[in-house]
Amino acid sequence: MKISPSTNGDSLGHRSASLRRRHVVASLFKALCIGFTLFAVSVLGLLIAQVGADGLPWLDAQFLNNFPSRFPEKAGVKSALYGTLWVVSLTALIALPMGVLAAIYLEDYAPASRLTRVIEINIANLAGVPSIVYGILGLAIFVRFFGLERSVLAGAMTMSLLILPVIIISSKEAIRAVPSSIRLAAYAVGATQWQVVRSHVLPAAIPGILTGVILALSRAIGETAPLIMIGALTYVAFTPEGPMDEFTALPIQIFNWASRPQAEFHELAAAGIIVLLAVLLTMNALAVLIRYKGTQK
Amino acid sequence: MINSENAVLEARDVTIRYGGHAAVKNVNLSIYEKKITAIIGPSGCGKSTLLRSLNRMNDFIDHVTQDGEILYRDTNLYDEGVDPVEVRLHMGMVFQRPNPFPKSIFRNVAWGPTINGLPGDINLRVERALKQAALWEEVKDRLDDSALNLSGGQQQRLCIARALAMEPEVILMDEPCSALDPVSTARIEDLLFELKQNYTIVIVTHNMQQASRVSDYTAFMESGTLIEYGDTDQVFTRPKQKRTEDYVTGRFG
Ligand SMILES: Nc1ncnc2c1ncn2[C@@H]1O[C@H](COP(=O)(O)OP(=O)(O)OP(=O)(O)O)[C@@H](O)[C@H]1O
Ligand SMILES: [Mg+2]
Numbered sequence: 018m019k020i021s022p023s024t025n026g027d028s029l030g031h032r033s034a035s036l037r038r039r040h041v042v043a044s045l046f047k048a049l050c051i052g053f054t055l056f057a058v059s060v061l062g063l064l065i066a067q068v069g070a071d072g073l074p075w076l077d078a079q080f081l082n083n084f085p086s087r088f089p090e091k092a093g094v095k096s097a098l099y100g101t102l103w104v105v106s107l108t109a110l111i112a113l114p115m116g117v118l119a120a121i122y123l124e125d126y127a128p129a130s131r132l133t134r135v136i137e138i139n140i141a142n143l144a145g146v147p148s149i150v151y152g153i154l155g156l157a158i159f160v161r162f163f164g165l166e167r168s169v170l171a172g173a174m175t176m177s178l179l180i181l182p183v184i185i186i187s188s189k190e191a192i193r194a195v196p197s198s199i200r201l202a203a204y205a206v207g208a209t210q211w212q213v214v215r216s217h218v219l220p221a222a223i224p225g226i227l228t229g230v231i232l233a234l235s236r237a238i239g240e241t242a243p244l245i246m247i248g249a250l251t252y253v254a255f256t257p258e259g260p261m262d263e264f265t266a267l268p269i270q271i272f273n274w275a276s277r278p279q280a281e282f283h284e285l286a287a288a289g290i291i292v293l294l295a296v297l298l299t300m301n302a303l304a305v306l307i308r309y310k311g312t313q314k
Numbered sequence: 070m071i072n073s074e075n076a077v078l079e080a081r082d083v084t085i086r087y088g089g090h091a092a093v094k095n096v097n098l099s100i101y102e103k104k105i106t107a108i109i110g111p112s113g114c115g116k117s118t119l120l121r122s123l124n125r126m127n128d129f130i131d132h133v134t135q136d137g138e139i140l141y142r143d144t145n146l147y148d149e150g151v152d153p154v155e156v157r158l159h160m161g162m163v164f165q166r167p168n169p170f171p172k173s174i175f176r177n178v179a180w181g182p183t184i185n186g187l188p189g190d191i192n193l194r195v196e197r198a199l200k201q202a203a204l205w206e207e208v209k210d211r212l213d214d215s216a217l218n219l220s221g222g223q224q225q226r227l228c229i230a231r232a233l234a235m236e237p238e239v240i241l242m243d244e245p246c247s248a249l250d251p252v253s254t255a256r257i258e259d260l261l262f263e264l265k266q267n268y269t270i271v272i273v274t275h276n277m278q279q280a281s282r283v284s285d286y287t288a289f290m291e292s293g294t295l296i297e298y299g300d301t302d303q304v305f306t307r308p309k310q311k312r313t314e315d316y317v318t319g320r321f322g
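Chains as they are written, first to last, in my numbering: chain A, 18 to 314; chain B, 70 to 322.
Rather than coming from a laboratory, the hints here were simulated on the basis of the structure. We treat Cβ as the ideally placed atom computed from N, Cα and C, and that holds for glycine. A hint or two may mislead.
Some chain B residues close to chain A (C-beta under 8 Å, calculated; not the full set) [unchecked claim]:
no. : residue
1   : I130
2   : D131
3   : V133
4   : R157
5   : G161
6   : R166
7   : F170
8   : P171
9   : F175
10  : I184
11  : N185
12  : W205
13  : R231
14  : M235
15  : V239
The whole structure should be built from the sequences, with the hints applied where relevant.
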């Protein structure tokens with residue numbers, strides 16, 4: 018076969034019709050992408066502006082320090098904010114070690130067997146199960162069977178179930194991203210598997226793992242359905258003192274306010290949304306910071 | 070052809086399969102003490118697979134099965150009671166691509182001896198290994214810098230230093246110069262001559278000149294089979310097999 022250049026020495030500046038057409042298609046596609054991005058961003062901007070306009074006037078120290086009340090001017094999110102922070106912290110304590118250890122096992126220890134594959138596929142499927150299903154499970158197991166009642170602990174354990182698949186999957190990805198050449202180099206100087214995992218795999222994977230964990234926790238913060246399912250209260254005039262106390266959470270409080278007829282309560286709901294967003298953004302900022310620190314080294 | 074008295078490692082009827090595919094077939098090969106043995110052959114003929122069997126690095130590849138024995142001073146490396154971690158203390162390895170740990174230069178060299186509790190002052194040990202690997206002068210003022218900031222050639226010498234710091238008996242090298250420029254390659258070849266005083270070296274290489282320059286013995290493999298093994302001089306100047314002659318004179322393929 019003879020190989021010769023396809024342009025055959027033509028000078029530049031003779032763009033063929035097909036090339037011109039391809040440029041047109043490319044520009045159209047770009048315009049389409051920009052259009053949809055703008056649409057999505059402006060809807061989001063509108064929502065935030067609306068919430069801000071409604072809620073900001075109500076957002077003050079009193080709002081953060083008061084318990085809910087029948088009178089809008091006295092109502093606050095203290096119990097809901099504390100409840101959310103309690104649930105999220107406990108969830109992190111439970112789900113983080115379990116998820117990370119499971120991910121390490123699946124990536125570095127588990128034999129490449131069919132059973133392992135089945136487990137991995139099922140974990141991926143669990144990540145897509147609607148949260149209300151976890152609520153039902155939590156109600157049956159933690160609240161009823163273990164008799165934890167409507168406690169912070171029952172809520173945190175239910176939330177842990179909900180985010181474990183996400184944590185396992187993102188941790189697995191972070192662990193898999195550690196090049197195998199590094200593992201092999203470590204084994205070649207006489208390391209045991211645990212030494213390889215501890216000194217090389219984990220340190221390299223931790224930024225990715227933590228980012229995944231924080232994103233999963235952010236999801237937990239916004240979840241309402243499972244908490245309602247296990248019977249978290251809607252009116253709580255105290256902050257939880259321990260894991261066995263009853264609680265409410267921000268999304269429940271917001272929902273409660275939003276479903277009342279009076280306009281003032283709708284504005285309170287907007288203020289609650291701002292508080293929830295602030296917690297979320299703080300956690301996301303933390304994730305970015307950790308990732309940034311991790312890539313710097 | 071070769072006196073078999075001081076063989077450190079001896080492969081006997083070694084066959085290695087990936088799943089059903091045999092990558093190394095019935096290889097018999099002796100590695101001699103304080104000599105450099107080169108393994109040459111076309112790409113995919115099983116050189117790396119054979120090399121990895123000498124320090125049980127094939128253990129990390131799924132679905133690998135191995136028949137035959139690899140004797141290390143009369144112990145089969147694949148016997149039940151043999152701990153692969155211990156095997157690798159005797160057989161160090163340098164990989165085809167430089168693979169330093171993403172840590173400081175010092176930690177790269179010091180990590181192995183530290184986790185294995187090797188005796189003596191760790192600073193001296195690191196310095197000695199870096200000097201042997203001809204890297205000391207270039208890095209002595211920045212031992213705490215990340216190893217990833219070194220050039221490719223420096224990284225490969227760092228990996229050699231990392232292997233040397235363990236003071237293994239045998240050093241297995243899989244194309245250690247394939248990612249290096251001629252200057253770095255020449256330095257590593259010089260290094261090999263020096264190391265030969267104290268170490269037994271097995272080196273896989275695609276570079277015929279390199280094999281003929283540095284090695285004492287040469288093994289030529291083709292599609293998993295050991296075609297010829299003997300004195301490097303003999304293999305390159307008076308090969309017994311036609312296929313060896315074709316390969317070393319560049320008439321292969
Ligand atoms: N991890 C693996 N899984 C399956 N087959 C493999 C694996 N590694 C190597 N092989 C196969 O085994 C044979 C020998 O491979 P090997 O890497 O030992 O060759 P090589 O001589 O080192 O080649 P090169 O000179 O290109 O490095 C090849 O056919 C290769 O496709
Ligand atoms: Mg190879």
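Going through the hints against the structure:
{"no.": "1", "hint": "I130", "verdict": "violated (10 Å)"}
{"no.": "2", "hint": "D131", "verdict": "holds (5 Å)"}
{"no.": "3", "hint": "V133", "verdict": "violated (12 Å)"}
{"no.": "4", "hint": "R157", "verdict": "holds (5 Å)"}
{"no.": "5", "hint": "G161", "verdict": "holds (7 Å)"}
{"no.": "6", "hint": "R166", "verdict": "holds (7 Å)"}
{"no.": "7", "hint": "F170", "verdict": "holds (6 Å)"}
{"no.": "8", "hint": "P171", "verdict": "holds (6 Å)"}
{"no.": "9", "hint": "F175", "verdict": "violated (14 Å)"}
{"no.": "10", "hint": "I184", "verdict": "holds (5 Å)"}
{"no.": "11", "hint": "N185", "verdict": "holds (5 Å)"}
{"no.": "12", "hint": "W205", "verdict": "violated (19 Å)"}
{"no.": "13", "hint": "R231", "verdict": "holds (6 Å)"}
{"no.": "14", "hint": "M235", "verdict": "holds (5 Å)"}
{"no.": "15", "hint": "V239", "verdict": "violated (12 Å)"}
Hint violations for this structure: numbers 1, 3, 9, 12, 15, all remaining hints satisfied.
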